[in-house]
Amino acid sequence: MKTLIINGSPRGKSGNTEVFVRQFILGAGQDYPVRYAAQEPVKDLAAAAAQADTLLIFMPLYVHAMPGIVMKLFEQMTPANSGQKIGFVVQAGFVEGAQVRFLVRYLNHFAERLGYENLGVITKGDAAGTSMVPAFMTKKLFNRLQALGAHYSQSSQFHKDTAALLAGIYEIPARKAKLYEFFNRSGINHIAWHKFWRDNGVFEKGLDRPFAPATTD
Amino acid sequence: MRTVVISEVDSIHIAENTFMLDLNARAIKDCAGCWSCWQKTPGRCAFKDLDDFYTAFLQADKAVFFIGVSCDFVSGRLKTLFDRMIPHYLPYTSWKTGESMHLPRYDRYPDVEVYYKGAFSSDSARQLYEEYLARVFYQFHIKRAVIKPLGEYEQCGVAI
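Going down the list, the protein sequences come from chains A and B. Quick note, in this note's numbering, the first sequence goes up one by one and the last residue is 217. Quick note, in this note's numbering, the second sequence goes up one by one and the last residue is 160.
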């Protein structure tokens, strides 16, 4: 059983998606090959995908869907042979699963279109800082991704309970949204961005409007 | 009324002085996910190949998209253009609407009309395509977005 993992992140080996891939592989205890949409022509990648018994595509959520380079890969992929499987893992910045709903629908449809046996779509929100934050903040996430990998290596399926834990909340409860917005007004959520801007020497420019029409400047 | 046109459909004829981003003729660099537009050069993409379009888009009252259908979804090149629109929004998240949203960087954005051309494998695929586009423009703080099959544009013969 040949599994191929494709990392669909434009950031390749340096992004959050790569962290997801590595934790999954660690849990699986298998040396699955990983190829990168950001590093090779999509035609070559599609040809490699066609050779895999199971294709696992990991990607970040970009504007409610797959990154452009992943759609370009999809455009090159050919119908599956009988018994070929596909599965998807999507990590997103925003916390609620509802943000991924269009992509989940499309990925399931895409698997069906090409005649793949579909393992499903794993989603995880609130993942924006995964590759940057200290270890104690990612422990639970990593445990779950490893559990997902371990179960996959034994059963060639995604574990439903682990998938549900990773998926988290679908919508933000109204009460919580109000609380988030309250903290937002206090400015506390902007501190991280202010630090980026200060570190990059653009503290005064964070809210700049470089392409604004001259008349409304 | 200033209009900007984004097209990946052949044989779209527009007025000479209307800015057109022709996705068939121009290869747009894929978003690199570098976050320069949020962290290092706020509002500016690390790639400069869309600067003329950005200027035209943010000056326009209306942006008209003539687009295709690819594997029952938006094409990869249009998706890349959507990814490259992120500089026009702030990294800040707001929950005012009850869900996570990025805040606008600019005071105003053009209204949007989308005319799509192509076949779908099912009605639900068409529905997903239209709902996805509506959501994108909602996230992009477009006040008014109309999404229709290209036939309706041709019938109405709206002048651009």
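Don't take each hint at face value.
Far from chain B, some chain A residues (derived; all Cβ distances over 12 Å) [said to hold, decoys possible]: (1) T17; (2) M66; (3) P67; (4) K85; (5) A98; (6) F182.
Between beta-carbon pairs, the in silico distance windows are [claimed, not checked]: (7) E16(B) x S156(A): 54 to 64 Å; (8) D123(B) x F182(A): 34 to 44 Å; (9) T41(B) x S14(A): 30 to 40 Å; (10) P79(A) x Y106(B): 18 to 28 Å; (11) F183(A) x H13(B): 45 to 55 Å.
Treat the hints as calculated values from the structure; they're not laboratory data. This structure is a prediction, so every number in the text was calculated from the model and none was measured. All residues carry an ideal CB built from backbone N, CA and C; glycine is no exception.
Hint-by-hint comparison with the structure:
Non-interface status of T17(A) relative to chain B is broken: a Cβ of that chain comes within 12 Å, the nearest being about 9 Å off. Under the 12 Å C-beta cut-off, the non-interface status given to M66(A) relative to chain B is violated; the minimum distance is some 7 Å. At the 12 Å boundary, the C-beta of P67(A) falls inside the reach of chain B, the nearest C-beta of that chain being 6 Å off. Here K85(A) stays apart from chain B, with its beta-carbon at least about 19 Å from theirs, past the 12 Å limit.
For A98(A), the condition that its CB be more than 12 Å from all CB atoms of chain B is violated, with the nearest at approximately 7 Å. At roughly 9 Å from the closest C-beta of chain B, the C-beta of F182(A) falls inside 12 Å, breaking its exclusion from the interface. Checking the proposed 54 to 64 Å range against E16(B) and S156(A) shows it holds: the Cβ atoms sit about 59 Å from each other. The beta-carbon spacing between D123(B) and F182(A), approximately 42 Å, falls within the hinted interval of 34 to 44 Å.
Between T41(B) and S14(A) the C-beta distance comes to about 19 Å, which lies outside the given range of 30 to 40 Å. In this structure, P79(A) and Y106(B) break the distance hint of 18 to 28 Å, their C-beta atoms being roughly 44 Å apart. At about 52 Å, the beta-carbon gap between F183(A) and H13(B) stays in the expected band of 45 to 55 Å.
The structure fails to meet hints 1, 2, 3, 5, 6, 9 and 10 from the earlier list, while all remaining hints are met.
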